[in-house]
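Those letters in the sequence shown? Residues 249 to 529, per this note's numbering, in order.
Where hints are given, some of them may not hold.
As the list claims (entries may be wrong) - The calculated lysine-lysine pairs, modelled on DSSO-like cross-linking and capped at a C-alpha distance of 30 Å, are:
(1) Lys374 <-> Lys431
(2) Lys379 <-> Lys306
(3) Lys306 <-> Lys374
(4) Lys413 <-> Lys431
(5) Lys413 <-> Lys374
(6) Lys306 <-> Lys350
(7) Lys350 <-> Lys374
(8) Lys374 <-> Lys430
(9) Lys413 <-> Lys379
(10) Lys413 <-> Lys306
(11) Lys350 <-> Lys440
(12) Lys430 <-> Lys413
(13) Lys350 <-> Lys431
(14) Lys440 <-> Lys413
(15) Lys440 <-> Lys430
(16) Lys379 <-> Lys430
(17) Lys440 <-> Lys379
Stated by the list, open to error - What follows is a set of in silico ranges between Cβ atoms, one per label pair, in the way DEER data are often shown:
(18) Glu437 <-> Gly373: 19 to 27 Å
(19) Asp452 <-> Ala429: 14 to 22 Å
(20) Pro287 <-> Val498: 42 to 50 Å
(21) Ala429 <-> Arg497: 14 to 22 Å
No lab work stands behind these hints, which were simulated from the structure alone.
In this text, a Cβ means the ideal position worked out from N, Cα and C, and glycines have one as well.
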Amino acid sequence: MYQDRIPKNTSNNSPQNAHEIDYEIFGEEMQFVEIELDPQEGVVAEAGTFMMMDDQIKMNTIFGDGSNQEKGLLGKIFSAGKRILTGESLFMTVFTNDGIGKKQISFASPYPGKIVPIDLNQFGGKFICQKDAFLCAAKGVSIGIEFSKKLGRGLFGGEGFIMQKMEGDGLGFIHAGGTMAKKVLAPGEVLKVDTGCIVGFTQDVDYDIEFVGGIKNTIFGGEGLFFATLRGPGTVYIQSLPFSRLAGRVLAMAPRTGGGKRGEGSVLGGIGDLLDGDNRF
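Produce the entire structure from the sequences given, and follow the hints as far as they go.
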């Protein structure tokens, strides 16, 4: 199902380092993005996100993100090594249209959720996101790391001391679990968020943490000890279903022994399943 289409930016006449790309996003819960490449245009992607492509698109595995391939071997190794700190692979893949005419290539979200296009031109050339949010981007967009300078945020913020960042003047794509909410914060406006629900935010947003407070809230609230606080101005993207939360629910409902249903071996056995519903998932 057709979901979205953004044409190339023709209103800005300033030079652009990143390749300009067209795209469409298809699907509802399990989305994929189809990118249209003109001859010699390229897109860089994380390993494992590729879905399909037209003939005459060349695939090339590289160190880092390919944004500064002219900086020499040590520079490439350093750039790629930073990606290990975010839990990603040393390598990324560049797909380039070596044919004549327009070609299409598609990348899929790794779990149920939404794919969101990020136009770095609209966000001052930089966007900060959670460590595993990046999907793909126009060649020329730099994929790096963002260190947290606040001790409390690094220890209790849910994302640790290191997050990802996209820099440049092109399009990048991030993905998140469940439904995505976009919030535009006014100067001084504060949004409190579950620490695992943050997908990303613009560079002007002040990200910190806040203790929930109260003995009952702390012990019995079930929402963790800290909120993430996001203070404007800026734009924030929030996900309704973090992958860690989804994985935790699946793990909690998984059979404890053997591989049979959870109700097997109980006093009521199958009758218990009838009373309690289907607990196989």
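ask   = Are the Cα atoms of lysine 440 and lysine 430 separated by 30 Å or less?
value = Holds, at about 14 Å.
task = For the pair we were handed, lysine 306 and lysine 374, check the Cα-Cα distance against 30 Å.
result = The hint holds at about 28 Å.
Range agreement (Cβ of arginine 497 with Cβ of alanine 429, hint 14 to 22 Å) = The hinted range 14 to 22 Å holds for alanine 429 and arginine 497, with Cβ atoms some 20 Å apart.
request  = Starting from lysine 430, check that the Cα of lysine 413 is at most 30 Å away, please.
outcome  = holds, 18 Å
inquiry  = lysine 440 and lysine 413 were given as a pair; does the straight-line alpha-carbon distance stay at or below 30 Å?
reply    = holds, 22 Å
query = Given the hinted pair lysine 413 and lysine 379, is their alpha-carbon gap at most 30 Å?
reply = Holds, at about 9 Å.
request  = With a cut-off of 30 Å on the C-alpha distance, tell me whether lysine 413 and lysine 374 pass.
outcome  = holds, 7 Å
ask   = Has the given pair, lysine 306 with lysine 350, been kept, meaning a C-alpha gap of at most 30 Å?
value = holds, 13 Å
task = Note whether the CB distance of proline 287 and valine 498 lies within 42 to 50 Å or breaks it.
result = 44 Å Cβ-Cβ, so the 42 to 50 Å window holds.
key: Satisfaction of hint between lysine 306 and lysine 379, Cα-Cα up to 30 Å   = holds, 27 Å
key: Restraint check for lysine 350 with lysine 431, where alpha carbons must lie at most 30 Å apart   = Violated: lysine 350 and lysine 431 sit about 35 Å apart, past 30 Å.
inquiry  = Checking one constraint from the list: CA of lysine 350 to CA of lysine 374, max 30 Å. Satisfied?
reply    = holds, 29 Å
The structure does not agree with the numbered hints 11 and 13 stated previously, though it agrees with the rest.
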